[in-house]
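Undergrad: Make the full structure from the sequences, and use the hints.
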Amino acid sequence: MIFKRKQKVVENLAEANENAIFNKETEGLSQGQIVFRRFIRHKAAMISVFVLFSLIMIVFTSSGIKIGPFSISGWWPYKFDQLLDLRKEGCPPEIVGCPTLDMMPSIIDGTSMGLGVHPFGQDDIGHDYFAMVMRGAQRSILVMLVIGFLGGSIGIVVGSISGYFRGWVDALLMRLTDFVITIPTIVIGSVVGYHFGNLGVGFLAFYLGIFAWTGLSRLVRGEFLKLREMEFVDAARVAGASNRRIIFKHILPNAVGIIIVSITLLMSGAILLETALSYLGFGVVAPDVSLGSLISQFQDSFTIRPWLFWWPGLFIITIALSINFIGDGLRDAFDPRQRRRLSKKDKAASRDQAKIAAASN
Amino acid sequence: MSEPILKVKDFTVEFWVDGVWYPAAVNMNFQIAPGEVLAIVGESGSGKSTTGMGLMSLLASNARMYGSVQVKGHEMIGAKSSVLRKYRGKEVAYIFQEPMTALNPVYTIGFQIVETLRTHFDMGPHQAKDRAIELLTLVDIPNPAGSFNKYPHQLSGGQRQRAMIAQALACDPGLLVADEPTTALDVTVQAEILDLMRGLKDKLNSAILLITHDMGVVADMADEILVMKDGLTVEHGTADQIFNRPSHPYTKELLAAVPKLGTSAKRILKADPSKGIAPVLNLENVTIEYPKRGRIPAFTAVKEFNLQIFPGEIVGLVGESGSGKTTVGRAAIGLLPIKEGKIEIVGTDISHATQKDLFAIRRHTGIVFQDPASSLNPRLPIGESIGEPIFLAGLAKGESLNTMIEDLLDQVELPRSYRNRYPHELSGGQRQRVGIARALALTPDLLIADEPTSALDVSVQARFLDLLQDLQDKLKFACLFISHDLAVVDILTHRIAVMQDGRLVEVGERDQILKHAKDPYTQRLIAAVPVPNPAEQKIRREARLAAAKK
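From first to last, the protein sequence lines are chains A and B.
With this note's numbering as the guide, the letters of the first sequence map in order to residues 637 to 997.
With this note's numbering as the guide, the letters of the second sequence map in order to residues 2 to 551.
If you're looking for bench data, these hints aren't it; they were derived computationally from the structure.
The calculated lysine-lysine pairs, modelled on DSS-like cross-linking and capped at a C-alpha distance of 27 angstroms, are:
no., chain 1, residue 1, chain 2, residue 2
1, B, K516, B, K551
2, B, K293, A, K862
3, A, K885, B, K357
4, B, K398, A, K885
5, B, K10, B, K81
6, B, K204, B, K91
7, B, K73, B, K204
8, B, K230, B, K10
9, B, K343, B, K304
TA: This is the structure in structure tokens:
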């Protein structure tokens, strides 16, 4: 009797288990959900999201944010434009303002780990370099995001509309694109920087973003011209989909690879553009700083006080790399043909299966 | 029997994929004597093309081969590439499936033939050109001297295939490997190419290794047949043996799956169209024109086309490529604008409809496309593709939409767990089922099926046609079935319409068209269809040639 009941319980359990698997398999997932799940599984992208997010948090909280009348002061005691005494103690002879950041635990070099007074050191006249780098990174991230977002969205919309509708719409938009391409960005930047430099970096980024979409729009248009002839577009039209739905739901996800690659390039390019403009004196105007202006300002210090070069460089590399990895993860998540790489365990399992199959043949 | 040209012994090909050696062809044994035709048949993925390419070591670098392949007594496996180059083209020549991609589009066909000649023979350019023109004459290309300077895109599909054959024959090869030589061609052109190959084989006494999935072509050409499945040789015998006394169950299955013209039972239409029932689809004097674009003048694809389809009826629309049948199908559901005439669907006139008007008729129509690879959005899980028409019609959302998708998957006999898969994870037949499920999602009154089986293997095609028939019996939709394959149309339809060059040639009851066609074009079309039976095909061939002579 007991045995029978036990068996029944086991059977029930098995059934429940099977049901769970069944439900999991057949649970309907939309495209967005599947893409999101795949993105979360992409390790490099998730690490980059984490790195970029913490970097942004540190950068914006340390030196504070000021948007119009609304401002939050940061937790870092010094301001980027505050003049301080140059620190000599602990530095090699004839060098002042060296970094105080100590990453070695006390067991190795006798002093304990810590930030110190000026973790990134000081520049030649005594500004705290940590505050400057934070301020600079803030400006650069702002420029990058604004240009990436504006350039990306205008480029996608213009490219998809002209590629999808073709005809006179296409001719008009592409001539407009040609017109914008003929104006060198650096000239636009100089003019805008010269006249409105005092309005801040956000304004500059906005103007640059308005002119940065041309390459992307052409790429997207080409992709749309190819994809709009595919039969699944007709199928969607027969299903009753509107033009907007066909563009954004059916064609755009298929063009996502090309879009993400060129937006990441656009964003890395934005940092360089900002650097170039700052170098010419039109971008971020002193006393304000950006990562680009810091590098160009201290390019001669590389031999004597290399940290003035390293810190902004490290930040540029970190930001650009994380954006690239996030883009990579997004592209993989959107592309159904991308398979997760098999782990060693999976490989062993598949090998065993192949052996079994071979044996049964 | 003379010395065989090709001797293949224990030939095995394996591919290195994801860290495992996958066998693609296992222990192949066969030989071909001059003047003989050996056909390798099998479905896609059976390893028949791999075998053909492997003979001359033309496989990708992740392949490895064992066994022995001897061409005129010389071993090819493991031979140096300099030796292989000497044999490629000279002793063993290839004809590929798609002449448009196998010929280089930026060179003239003459240049490509001369290139082959001059690599293998010590020949001056003028001499080579004369020889090339001679070859083009041999393969019956019209105006050989003029065609010498033509680019591949300037020739028709059949002419391109002839040019390829001319190139293959340039060095009088002992063995011709023809990999699906006629699959991309229309039946009438196919018949011509097969006649040509047969004639050349007799004239030059070369051997042919024919690789194909088409049993009709095999019956027409082959002396000996090798049936392959999953890389294994299933059966090997003479044509007579394989067709009339197949011993292996797979061969029997394969032969049974091949649709045969004029053998299926009469399908009876319950509703009689003559008794004043309104047609589901009504095309009256429809003319469709592709507008002028740049320097390309406007092209009239369909002229004064008339067709009615009544509820519950399946009408087959046949014709060769370029006859405008797909254009008619697309215009019939409002995907293409028409220039003149009238199109009515379920009583709604859509001749000059706006987007909004069309939206209303979308609920009554569905379409299954030709190419299952491109008709499903590669970035959309198939569940969403199927559910889209329902979602857009505003019939269901969320949970209820999910159940409807499940029902549709059940209906086309696909597992429910497939709903989250992407199209590329499915086989061709499964994708085409998804296409049907999507087309039937709104239980339409009219289904347009545009060559739904042309990309499928015969056995998959047979299952697909069964499914379509069952669904039609159950759901009673009217169907316009567009196909170039008369045998498929024969199985499925009540009535047949034949198109040529944008005009309707003939329309009538199925049996009337297939057995007592009045129009000479229809007669020619039917005569060109190869029958999967060597003896019968021989009679048909001779009758066709006699008719052509007249």
